[in-house]
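Asker: Here's the letter readout for the chains.
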Amino acid sequence: MVLMDKTARRHRWDAKFAPYGYVAPYFLIFGVFGLFPLLYTIWVSLQDRNLLESDAATFVWFDNYAKLMADPYFWNSMGNTLSLWLLTTVPQILFALFIAQLLNRKVRTRTLFRMGVILPNITSVAAVTIIFAQLFGRDFGLFNWVLGLFGAGQIDWQAGTASSHIAIAVMVVWRWTGYHALIFLASMQAISPTLYEAATLDGASGRQQFWRITVPLLRPQIIFTTIIATTGNMRLLAEPLLFNPGAAAATGGSDRQFQTAALYLYEQGFTKYDFGYSSSIAVVLAIATVIVAGIGYLVTKRIRTE
Amino acid sequence: MRPKALALGCAVMATALVLSGCGSGTASGGKTKLTIGLFGNFGYAELLKEYAAAHPDVEISDRTASYSDHHKNLAAHLATSSGAADIEAVDTGYVNQFKATPDKFVDLNTKGGDQLKDRWLPWKWEASLSKDGKQIGYGTDIGGLAICYRRDLLQNAGLPADRDQVAALWPTWKDFMAAGKKFQEKAPEGVKWFDGGPTVLNAIVGQASTGYYDKTDKIVVGENKEIKDGWDLVVDGVNSGLSSKLLYSTPVWNTGFKQGQFATVTCPAWQMAKIKDQAGPEAAGKWDVTSVPGGGGNWGGSYLTVPKSGKNVDKAVELAAWLTAPEQQAKVFKSAGLLPSIPKLYEDPSIIDYKNPYFNDAPIGKLFTDAAKKLNPQYQGPKAGDIQTAIGNAMQRVEQGKQNGEESWKQFVGDVQK
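These protein sequence lines are chains A and B, in that order.
Every letter in the first sequence is one number past the one before it in the UniProt record's numbering, and letter 84, counting from 1, is 84.
Every letter in the second sequence is one number past the one before it in the UniProt record's numbering, and letter 36, counting from 1, is 36.
Just so you know, these hints were derived from the structure itself, not from any lab.
Owing to the predicted nature of the structure, the values given are computational and were not obtained by experimental measurement.
Some clues are possibly wrong.
Dumping the calculated DMTMM-like pairs for lysine to aspartate or glutamate here, alpha-carbon to alpha-carbon at most 25 Å [as the list claims (entries may be wrong)]:
(1) B/131 <-> A/71
(2) B/374 <-> B/407
(3) A/272 <-> B/152
(4) B/410 <-> A/48
(5) B/334 <-> B/347
Examples of chain A residues toward chain B, derived with CB under 7 Å [as the list claims (entries may be wrong)]:
(6) 137
(7) 199
(8) 200
(9) 202
(10) 247
(11) 255
Beta carbons: idealized from backbone N, C-alpha and C, even for Gly.
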């Protein structure tokens with residue numbers, strides 16, 4: 001009798017607390033690798049702190065933020081970040097939609113194609129960037145060679161603001177389009193064929209079916225990929241860093257023409273050793289990312305059937 | 001597996017994830033494992049093998065990163081007191097930044113460094129000495145200056161190729177630019193007089209009596225007429241089409257050697273190893289070395305430091321002292337061309353008489369020991385490396401046509417005052 005009681009109680013305890021046990025590892029890892037660094041960064045951002053002399057740090061409250069708001073190079077980097085966000089996120093999602101649409105057809109060896117589109121994504125970002133930086137080379141780059149065939153002059157891709165943003169956007173779009181395409185493809189296959197049959201009977205063209213049926217029904221996935229792409233593209237670091245290798249890599253070009261906010265953070269933290277200032281950039285960038293992702297959400301939410 | 005056990009297992013795994021990354025410094029078989037973090041080419045490959053052979057209890061692994069990556073990673077590793085190698089090389093441009101926090105490094109004076117002090121040039125020793133007298137690094141090489149040039153390109157453009165005659169072309173940097181204008185008239189398309197403005201400018205800065213800082217660590221580059229005159233001269237050279245507009249130590253610059261895009265390059269002693277690596281065996285004999293316009297000057301040179309976070313500090317200090325000892329510096333000079341920081345070697349016949357076969361048997365021993373003797377050391381301030389990057393960017397803005405010389409100089413001076 002006593003034994004029975006104990007077992008029953010254990011069952012009750014199990015049912016009550018086991019779910020917390022299951023989710024605990026996630027929260028534990030998130031706490032250690034997500035929440036703690038975030039809070040720690042905020043704490044550091046309130047200090048005047050040299051990277052190498054953490055003992056000598058002093059609290060300055062919001063001085064770093066005040067300095068940041070008046071720093072033209074910070075606003076320059078935020079401008080570059082937004083420009084690159086737009087140039088990467090929009091094409092990424094549009095290309096992904098079209099590629100998914102193509103892969104959704106009955107083509108031979110389509111598994112091969114479907115695997116193929118994800119390949120750029122599993123390639124190391126450093127390798128991709130180094131190769132692309134060569135392709136965009138001024139004197140011996142492939143892109144300039146092709147442009148030369150059409151009689152266009154040589155472009156010094158790294159030198160210009162627009163040209164460098166385009167070059168970096170190409171790398172990012174190339175790397176991430178396939179990933180988003182697979183997400184879209186999975187959802188496309190879940191759309192009931194009867195909808196398309198009915199539309200065909202009503203005389204809707206393939207184009208109309210795509211824009212009026214497929215895209216609206218993919219709305220949740222488009223919202224998801226927009227947010228994922230935004231959080232990634234707002235903190236581009238490796239691409240602008242490796243696009244301009246050498247001693248000046250962290251400045252993102254001779255006139256900071258492609259220095260993103262993440263790269264500015266890196267420059268302040270690891271070449272100027274201004275850890276406090278660098279952390280305040282991180283905090284502002286995180287807030288900006290939330291805002292931009294929110295805008296992305298509001299825009300993509302408006303997708304609907306007419 | 002029961003649910004609770006699973007949860008427990010996950011928790012243990014999570015903890016293990018957190019704890020991993022704390023490596024141990026002892027390799028299998030009871031050997032002491034030493035790591036050494038380098039950048040560029042120190043010419044240590046053979047020496048490390050030699051040392052390991054003589055010390056069976058030690059196992060050495062070296063890792064080499066690019067110049068800027070190496071120093072940024074080192075800063076990050078020092079900040080977290082983990083991940084640094086047992087020995088870390090530090091360049092002249094960064095040594096002031098690191099010696100400002102001497103407690104991150106082993107004070108070599110407490111490990112017998114004070115006994116070895118007289119090995120080095122006095123200014124080399126002092127440059128890595130902290131304000132409170134702690135020695136953070138043993139000097140490796142110094143960056144005595146010369147000019148490396150392509151014999152064939154000069155000859156084809158109607159200029160002399162013989163190194164004494166070439167040196168006679170350019171007693172001053174003004175003459176150097178004038179010779180460049182002559183060269184450019186007859187140069188084939190795509191070939192320029194020098195590699196890039198920042199490279200030339202660094203040499204001119206290295207020769208100035210005062211550099212970016214005065215001796216009180218105040219940034220004075222904005223008022224430094226010597227440097228501004230050099231800047232104007234290089235800007236004029238760039239505007240006259242003498243520059244290939246390639247930034248030194250970048251992949252495109254490396255390609256420039258391979259493709260023969262420029263006829264001359266400023267050659268601190270360590271540059272010779274880079275040229276040999278980049279231009280490759282097919283360019284052997286095409287390159288030659290001669291004296292630098294203006295004479296004297298230093299650009300670069302390094303130190304071997306021992307971060308305190310290392311687990312085998314004593315063995316690391318021993319290796320660092322060995323690698324920077326006169327015998328080893330002499331070997332490195334012959335194999336990689338790095339100019340010793342040891343004055344005794346400047347009188348050593350095996351050094352003075354050394355000729356480098358890759359550079360058309362140039363008497364680099366005589367050339368660089370002369371340069372070293374003439375060298376008037378310049379005081380380097382805390383962020384000299386950063387300012388060098390900023391002035392390089394400034395010159396690139398002119399080369400890329402983004403700004404004219406005056407605008408770019410003004411922006412540079414404003415940037416470094418921040």
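Asker: Does residue 255 of chain A pass the interface check with chain B, least Cβ-Cβ distance below 7 Å?
Answerer: Where the cut-off is 7 Å and the nearest Cβ of chain B is about 5 Å from residue 255 of chain A, the hint holds.
Asker: Under the criterion of a CB-CB separation shorter than 7 Å, is residue 247 of chain A in contact with chain B as hinted?
Answerer: holds (5 Å)
Asker: Mind checking the CB of residue 199 of chain A against every CB in chain B and telling me if the closest is under 7 Å?
Answerer: violated (48 Å)
Asker: Taken at face value, is the distance from the CA of residue 152 of chain B to the CA of residue 272 of chain A at most 25 Å?
Answerer: Measuring from Cα to Cα gives roughly 43 Å; hence the hint is violated.
Asker: What's the verdict on residue 131 of chain B and residue 71 of chain A, does the C-alpha distance respect the 25 Å limit or exceed it?
Answerer: Judged against 25 Å, a Cα distance of about 32 Å means the pair is violated.
Asker: Please work out if residue 334 of chain B and residue 347 of chain B have their alpha carbons no farther apart than 25 Å.
Answerer: holds (15 Å)
Asker: Is the Cα-Cα distance between residue 374 of chain B and residue 407 of chain B 25 Å or less?
Answerer: Given that 25 Å is the threshold and the Cα spacing comes to 35 Å, the pair is violated.
Asker: Tell me if residue 202 of chain A is really an interface residue toward chain B, meaning its C-beta lies closer than 7 Å to one of theirs.
Answerer: Not OK, violated: residue 202 of chain A not within 7 Å of chain B, min 53 Å.
Asker: Next item in the hint list is residue 200 of chain A. Is there a CB on chain B closer than 7 Å to its CB?
Answerer: violated (50 Å)
Asker: With a cut-off of 7 Å on the beta carbons, see whether residue 137 of chain A makes it to chain B.
Answerer: holds (6 Å)
Asker: Verify the proposed pairing of residue 410 of chain B with residue 48 of chain A, using a straight-line Cα cut of 25 Å.
Answerer: violated (28 Å)
Violated hints, in rising order: 1, 2, 3, 4, 7, 8, 9; the structure is consistent with all others.
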